[in-house]
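Asker: One line per chain: the protein sequences are A and B, in this order.
Residue 100 in the working numbering sits at position 100 of the first sequence, with consecutive numbering throughout.
Residue 110 in the working numbering sits at position 110 of the second sequence, with consecutive numbering throughout.
Source of the hints: derived by calculation from the structure; they are not laboratory data.
It is possible that part of the hints are untrue.
[To be verified] Facing chain B, according to a computed beta carbon distance under 10 Å, are these residues of chain A, among others:
(1) Val40
(2) Gly47
(3) Thr51
(4) Gly53
(5) Arg54
(6) Arg85
(7) Glu87
(8) Thr88
(9) Cys98
(10) Ala103
These numbers were taken from a predicted model, which means no experiment stands behind them.
From the three backbone atoms N, C-alpha and C, an ideal C-beta is built for every residue, glycine too.
These are the residues of each chain, in order.
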Amino acid sequence: MSAFDAAMATLLADPNMGSDAEWHAAAGGAWQPVRVMLSVPAELVPGLGATSGRAIAVQATIRSGDLAQPPRRGDLLRWAATTYRVETVEPDPLGLTCRLGLARTS
Amino acid sequence: MTGSVPLREAGLAAIAQRLTSIMPGVVLERARRAPVDVDTDTLPRLILRGEEWQADETEEPGLTHYRLAFSVTGFASAATDLAAEQALSLLHAQLVQTLAGWTPSTPGLGDVAEQGAEFSLYDSDASAQPAGEFLARFSMLAIGPSGGPWAS
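Produce the complete structure using the sequences and hints provided.
Answerer: Structure (structure tokens):
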């Protein structure tokens, strides 16, 4: 494990930074426990007219090594009784983590 | 000639009243400047805003024919991406049905004409909730004495 990977593992394990979640690959299989770092920024969406929209984007950072296979669009992530569908996957340049853009499924 | 209610305000107020009475399940706001929060604001929601005001003095002697342009922005959300787009289409169709071709009873106000619309489904990296908006443009005929754009 590299220093950067160890640093990410420490951050994810920190109870103030990381959260327990469950992962389910779109390809199938059982739910798998994972640690994630969540962010819910409020995004201002450029509007078509003078009145724009504001929405909550939900993003999760996850260690790539914690998953049996690379995350993909359509995978599911569940925490706090809410299930999210993975819409976007952005790996970091070192391939250690992925930032996932999530959409609520209900 | 002077008055107390500008023709433009009379037109926009009549439109708002029409929308409120025909579409009771939809929240209507006039002239909102703050962004609509699709996570916390009640949806579906319509925002009515007055736009351009064009005058034509060549139609009738002593009278000016105004063209009041206005826009209605509609916001909707749903459980899935497809359902959000369908909700936008439904809200837009209800809006057009309510306004296009309608003539207010207020003296001086004429037909409403549909001009067109743009639609936008929010990207997933901006909104975890499937949601979007449309911007529908309309125009209304308003007629008043030249130099006196008053409804009353």
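Asker: Which of the numbered hints are not met once you compare them with the structure shown?
Answerer: Number 9 only.
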